[in-house]
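Colleague: Protein sequences appear in the order of chains U, Z, R, S and W.
56 is the number of the first residue of the first sequence in my numbering; add one for each residue after it.
20 is the number of the first residue of the second sequence in my numbering; add one for each residue after it.
523 is the number of the first residue of the third sequence in my numbering; add one for each residue after it.
39 is the number of the first residue of the fourth sequence in my numbering; add one for each residue after it.
2 is the number of the first residue of the fifth sequence in my numbering; add one for each residue after it.
The hints are simulated quantities; they were obtained by calculation from the structure and are not laboratory data.
Any given hint could be a false lead.
[What the hints assert, rightly or not] Which residues of chain U face chain S? A partial, calculated answer using Cβ under 8 angstroms:
hint, residue
1, Arg-690
2, Gln-692
3, Thr-693
4, Gly-694
5, His-695
6, Val-696
7, Gln-697
8, Ala-700
9, Leu-701
10, Gly-702
11, Ala-704
Every residue, glycine too, gets a C-beta built ideally from N, C-alpha and C.
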Amino acid sequence: MTIEALLPLLLLLPLGGFLVTAFIGRRFGKSAHWIPVLAILVVWIIAMVAVANVLTGAAPLLPGSEDTHGYVAGPWAWIPAGDLHIDFGLVVDPLTACLLIVVTTIGLLVHVYSIGYMSHDPGYWRFFAYLNLFMFSMLLLVLADNWLVVFVAWELVGLSSYLLIGFWYRKRSAQLAAKKAFIVNRVGDLGFVLGIAAIVVNTAAAGHPTLNVRESIELLLAQGEANPIPLVVVALLVFAGAMGKSAQFPLHVWLPDAMEGPTPVSALIHAATMVNAGVYLIARANPLFASTPSAMVVVAAIGIFTAILAASIAMTQTDIKRVLAYSTLSQLGYMFAALGVGAFTAAIFHLMTHGFFKGLLFLGSGSVIHAVHEEQDMRRMGGLSRKIPITYATMFVGSIAIAGIPPFAGFFSKDEILGEAFKASFYWVWGVGLFVALLTAFYMFRLMGLTFWGSFRGPAAIWDKIHESPRVMTVPLILLAIPSALLGLAIGLPLGSSVLHGWLEPVFHHATELLALPHESYELFGVDGALILASVTVAVAGLVAAWRLFGVDLGRFRAPARPEDVRELSARPGLSFLYRASLNKWWFDDLNHLLFIVIGGRIAAAMWWFDREVVDGTVNAIGRQTVVAGRGLGRVQTGHVQNYALGIALGLIVIAGSYLILTGGPR
Amino acid sequence: MNLNDLPILTVVTFLPLVGAIVVAILPSSLTRQVAVGFALATWVVSLLLLIGYLPGRPGQQFQYVEQADWIGVFGIQYKLGVDGLSAALVVLTTTITWVSLLASWRPIQTRIKEYMISFLILEVGLIGVFLALDLFLFYIFWEVVLVPMYLIIGIWGGANRIYATIKFVLYTLAGSLLMLVAILATGFSYQAANGGSWVGAFDFVTLRDFAATTGFAPALQVGAFLAFFLAFAIKVPMFPFHTWLPDAHTEAPTAGSVILASIMLKLGAYGLMRFAVPLFPDAAHTFAPVVIVLSLIAIIYGAIVALVQPDLKRLVAYSSVSHMGFVTLGLFVFTQQGIEGSILQMVNHGLITGGLFLLVGVLYERTHDRTIAKMTGLAARMPLWAAVFGFFVFASGGLPGLSGFVGEFLTIVGTFAISPAAAAIAAFVMILAAGYLLYMYGRLVFEEVSDFLTGLGGHLTDMDPIEILTLVPLATLIVVFGLQPGLVLDLVRGSVDDTLRAAGSGAALAIAPELVIVAVALLVVGVAARIGWVLAAGRGGPPDAALVGREAAR
Amino acid sequence: MSFQDIVPILPLIAAVLTAAAILVVDLVRPGRSAPAIATALIGLAITAAITLAVGQTDASAFGGSYKVDALTTFLDVLFIAVVAMTVVFAPDYLLPRGLPIAEFAVVLVFAMTGAMLIAGSADLLLLFLGLELMVLPGYLLAGYHKTDGYSTEGAIKYFLLGSFSSAIFLFGLAFVWGLTGTTRIEGIKDALAAVVAGTEPLSAGLAMGLAFLTTGVAFKIAAVPFHYWTPDAYQGSPTPITGYLSVGPKVGAFALILRLFVEALGPLAEWWLPVMIVLATLTMTLGNLVALTQDNVKRMLGYSSIAHTGYMLVGLAAYAAGQLRGLEGLLFYGAAYAFMNLGAFAVIAALQKRAGVTSALDTFAGLGRREPLLGVLMTLFLLSLTGIPPTAGFFAKAYVILAAVQAGGWLTVLAVIAMLNAAVAAFYYLRVVVYMFMRDPASDAPALRHGALMWGGLAAATALTILLGLFPTTLLGVVNQAACAISASPCVAAAAQALP
Amino acid sequence: MSDSLDTYLILSGILFAIGSFGFLARRNAISMLMSIELMLNAVNLAIVAFGVFGAGPDASAQGAVFALMVMAVAAAEATVGLAIVIAIYRNKKTPLVDEYDAMRQ
Amino acid sequence: MLARLVPILLGLIVMGAVLGIAALMLLALGQDWEDALLWILAAVMLGSGLLVVTMRDIIRCGLAMIVCFLALAGIYTLMGVPLLGAAQVIVYIGAISVLILFAIMLTQTKDAPSRLVFQTQAGVAAIAAVVFAVLIALAVTATDWGAAAKRVGISTNAMSKVLFRDFVFPFEIVSVLLLAAVIGGVFLAKREPGGPS
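For reference, chain U alone in the conformation it holds in the complex:
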């Protein structure tokens, strides 16, 4: 039985799990999780086998490619629209393989974790059904070889995210957050769908309208200037889709609110997998972007700006999950920056590492929240390290990883991004990135400090009840901690020409050629070493600063957590504005409310008024006026016979006159 034959199972198993659970899951009660979890387990196994074969080159060469190994399944016909035939097939190439690792692994762990986390929820079966639906959509997204199918998955993950954010449907806030997430995503999708339409038009101009990713990109590049729609437009439109899904700058507002959903959801969808879809999309379309440098710059700029914006907000948030959400935004910003500077591999690298440690952190935070009885405000936590050591330990690993302290995973990926940016002479990206690294370390350890160090600030009654989460939750944490710690060492070495590079080279070489990046050798004791040093220093600096402010008693750095320091610090004139800005997320939510609720609402109301009074009003007015006219004419009928007679006489006179005129003139 070949792997190709198994590929469809990657989709069918979660889909089946979803359908079964959705229709009859309610009956299974507390054992509703079995079918979905098993489905994902099998998926994981299949995926791992496939990935192994693909990355080791054991898989056959992809059709129409001389160096890329992978599997294809299909294609199956979908939309036969005249000369435009939209089929969909599945392809596993190295890029997809990397994504599969993250998606299936974290997906599996989150499923297992949820068994414990959701055990008391009435909607247990529903939750697992949704999770499987999401897994189906996400796998479809990474496996599809056709723009439109990707878009389908794109929307489906949006749907499952909507359902999962709104999972606790009785909460108004959840409902609003879910709606917000979906609508904001739709903004990006608008761009994406137009981009797809543009691709159709362009390929049609090339004489062979197609939406197959590989073919279409080749056609577009071959046509170059001859494209009816300029490539930069296409690229930016596609990028708009990526921005929506990956919550980049103008469209970043939905992600923090998405934390209304259950924590496993946040871990899986809003940290590890779905939000990475944008990165994947652009990596997938790398030649397209590589051929339009201006678009690349936009990507880099938006990415790095999102990174610093989110980081600055994360500094002051007090909701543990929101902090993580903003840090996710920030890290995604890094990835886009990487893509923008042409460091595709680095972006994917960071995508993978971030997937693991951010998933870990979220699950950990879930464990924390679980422990302190659904409390999310860090100001009412503290000193938890003594109560929930496993969670603490694992989260500590995650924090170090994200802070970029070697040799943990985050260090390798982040450092590669910064290095590539520097060497691609995008100095501003590098500079900002470096600063963001500082902030990252700071807010992560602020989180750790407020949560685990110092003394408990919540109600004492809870303190006694706090206990470590069940094994079904802690085991996934541990399993995630391992890659968070070691993934970098595993695939990040040797520096410069890492294993990952080897894997992804066939996917990206076309783009790198197009970009014609200066590929000088890696100098550990030269520029690269300096860069490493720089990033490590700032990371440590941030760590220490956070430690000073929120730290524990340790030797001569004896300093209990002193929030008043924070208050006094943030009261400083220069800082106070920044502090408030950060606290209020730079007022973006208020801006959106003003634009779309107040002003937009007024516009809509005005239009409705226009519809009622002007459009419909005109219609009714015509009718009314007709009747009025009728009533007026009716008055002629006075009931007096002699008025009638006079009318007749006058009519006669008029007719006589007109006849005299008509017949009088000579013909």
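Once you have looked at the hints, place chains Z, R, S and W on chain U.
Modeller: Positioned in the frame of chain U, the structure of chains Z, R, S and W alone reads:
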């Protein structure tokens, strides 16, 4: 059996009429069963028709043509024929009809007999419109549709039903009467061009070929096209002529709304596609920009107005305006994808909006209220309803994998080829649609159960088997067409090619720019005058949006 | 005066004899309705038979002053049918109000004789006499319910204005006669043709005569602005008689127009065409608009009949503009209108069987429930009057419109106006439907029982209304023949033309 | 003078006008009736005049006969009219037509 | 009082004027008697016609109408159609006028004469009437009637020939017409036992 032997089209058209007569004769106790029975029988026959048609004969159109001299003096014939487009719409009609008859099982409790009779006669008219190949015959069926609908809304409708139904009839009639003039003028000018012989003067095929080869005089084309267009645009309904729709939908009984949304609106689109464009290609090209602009306005405007509707049915009605905008848009860009998308959109809108109205009807049965604000938290009280409602809401929102998406996508692609800007505007509705749909869905289904619903207590039961049965076919088709749109597209390919060929044979006439300027100026002045008049009449300006804002999406 | 002279006028004689027979029967069995009705119907049947028989011979009598052609036969049969239906519908209304059938039938048959005379006369004097013979009984019938204020008021208004217009009409006749020196239609036509052939403008005297004649006929067909008598007379008259008045005299007056304007004054069409167009527009529009606000169904139908006059005038105008089809349309419309309108009035009459029931709109509230069959029939007739297919009214309208469109030019505008009017008309017709089906009955009085006579008549009207709409071909052939009989231009039989 | 057609026609025209004035202006139904008779006589005068001055064989005789017929018709009209007047007088108790306005609009 | 006189005075003035003109024509212009006679008759006819439509007392109106008809009969005779004049006298004065007088008797309420005689629209009516007259006069004078020379006197038998040969059918029709009128008239006029008295 060989379908070509028996006059299957006549059968499928007039079987419901037989049903109506039988219902009229039989005692009232049997009414419902008999009516549904006949509807189902018609459905089966239409399926036979479809199956018989399917063996890939696209390209060459009009199967099963039945032809008989009717009013020989004018070459008016009784001529029926089916091509892919009409086949699809006929099956849609027969399906929706029995579905809505089932849906009326519980709601309609008074004067059942009259109700069923009206409904069956309505079906006759609808099917006839889709099958008629003689302009005169077409017009007759077209008008036949009016009366039963008038009764259905007017007798079994809501509180304000009489206003709604009279508005509906007068509005439609005003358009169609002008169309009659146009039809006669067309037939006559063919007769004049044909050496005074009336033979085939109203035969669609003859006229279309004539239009494709010789072509009608520009003056006639412009006049007749405008008349046809007015009639059809009112039916669709396109932007400035749409205001009868919300009223009619709101007041009509559930089944009435379903038929109205699923089939009636298609009459207009079908007419445009079948008659207006092929017969007057030059005029069609000349006015295409206008139609496109109107469609775009309808798409966006309908969605925006839907955003602030407090009434459930009104919201869906305005969403219909928005969706039907895609149909006209796709048709008048005259590209393959556009037209295919437009046809697909017709079918999908029929299924999806029909389903939405059914679900709203289910809710209304229990609450006797349609105010969105009053009802929240239905997920807790009617989980099954909530789930199905969600399905249709997302289908309506164009969720990929469900049928709604493909039509919209193809339309957008087809439009993009002509004008990216137009495509962008049309695609913008994705956001607005998500806005009003999720606003509706979120308010109804999520959050705590509202006091109003709690007050209903036991009345608020979940869907009963019949109601589920009505929704199953629609949902199934939505999924099937979403996964295999080819089922429809292959069926209608022939029609699409014909329309394209006909449209291709046309070229825009020269129009004096000053005419356009004058027209636009008049329009602007008129609207301004109206606004001024309204404001002067003290009927208040645009309302304060604060409330709306609170309701709308965050 | 010889046998050849007798044959063509046999139908008239039969009609008069019918009247006489009814009188005799009434003398034998005074006040008994059944015998009178029977006699009337039998007599009418005989008359019809004779008419059809005579219609085969294309004869003329009395030195060509009376001639029988296809038009004559068509109109005669139509008149007979109308009168027969009226007789059938009358009892339900008259008897409960203690009004005798016999006199009614007699006067009615005399009126019919007048109409038939118009249809056949080829002589100005005969035309005038036929007109008077048609309208004088009309005045009497209008006031037939003599103890009722409304009836007599309607009657006197109708009479005063009617005789006023007769005088005007006569004055016009005198002028035409004086100018042409003959009373024979043919002679007049030739004389006028000669005059028109000349290059100098037509004489002012002719213009005056034309004006007086136009006014006279416009009054008789109730064209605006000479329509004032219609609503009052219709509302006042006993319902069945209103039905007759709205059909018989109107079609008769159109027959007058055909004989006088189309035939005799045909050469002057160029001059009376514009006037007809204006009249048609005014008539349609005012009739429909005012009908919108009526709360009394009879009065509303009165205004609607004005509107229908307008539509028929469109046909006339189309003919004057050179389309024979216009004439056919006019005739077809007349027939269709006759049956659907009679049907509508029959339903009202049936409702008013219960004495004291008015024809106010409320009377119809909930009719659909109280007497569903009547409700459905009324709906059918109203739809036909609106012009909704597949009914006679629809095809008639379509036919007239087609003629107008074919004529082109201003006539196309007229066609559009006509159609807009039809849309307006739909409102007040459907308003009745609203009352019948969408309002609850004011009082739940028990349903009335109607005689077989009434049902039979209604059945006939219904059948004709539907059949003429679905299968108009036969009638089309007939009207084509009839139109050819008087068309100025050499006339191709359309039936032959249509064959592929 | 007396042998010119115009004289008689103008006479008849004036008489016609007088009659129509009476018809339009008098309130009494019977006065209106009389006015109508005047108008008919005016027409008769015209007819006879046309006959007498008309060309054609025995045109004058024709005219005379024409006039005779008109007289008869006038008589018939008078009969009908008076019958109606009496009938309505019974109902309304007044001969003044402008009080017959139960039906209007 | 004065108001009552106005119409009478009006009539007298017109008559005087016409008589004056007639005398003038006779004596000064020396035209023949026929013209004069015609003028006088015409004056009488028009004058009494005016009286018919203007006088207050309806009975006097009726009498004036008889005078009018008489004058017209005279004119007929003058035109050489004596038989028609006779018929005029018989039919109108003998039948119609009497009928009308009876009707007047039947329908006059005591207070009828004291009330307003003219419609409010009398003024407009007068104007309309004048316009009629003017229009007709203009049209008549503007038209060439192609009239032959005046032919005096038509023999009774010529007329009877015409009547009973060419116009026998109309003659019969008239009889039917009268019959119909009589039947209906009788029905309407006869008082119902139940009806209002």
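Colleague: Each hint needs a verdict: does it hold in this structure or not?
Modeller: How the hints compare with the structure:
The beta carbon of Arg-690(U) comes within 7 angstroms of a beta carbon in chain S, closer than 8 angstroms, and the hint placing it at the interface holds. Proximity of Gln-692(U) to chain S holds as hinted, the smallest CB-CB distance being about 5 angstroms (cut-off 8 angstroms). The closest approach between the C-beta of Thr-693(U) and any C-beta of chain S is roughly 6 angstroms, which is under the 8 angstroms cut-off, so the hint is satisfied. With a cut of 8 angstroms, the hint placing Gly-694(U) at the interface with chain S holds, because the nearest CB-to-CB distance is about 3 angstroms.
For the restraint placing His-695(U) at the interface with chain S, the shortest Cβ-Cβ distance is roughly 5 angstroms, inside the 8 angstroms limit, so the hint holds. The criterion of a C-beta within 8 angstroms of any C-beta in chain S is met by Val-696(U), whose closest approach is roughly 5 angstroms, and the hint holds. A least Cβ separation of about 6 angstroms between Gln-697(U) and chain S falls short of the 8 angstroms threshold, and the interface hint therefore holds. The interface hint given for Ala-700(U) holds, since its Cβ lies 5 angstroms from the closest Cβ of chain S, which is under the 8 angstroms cut-off.
Taking 8 angstroms as the C-beta cut-off, the interface hint given for Leu-701(U) holds, the closest approach to chain S being about 5 angstroms. Restraint check, Gly-702(U) versus chain S: the minimum CB separation of about 10 angstroms is more than 8 angstroms; hint violated. Nearest Cβ of chain S to the Cβ of Ala-704(U): about 6 angstroms, under the 8 angstroms cut. The hint holds.
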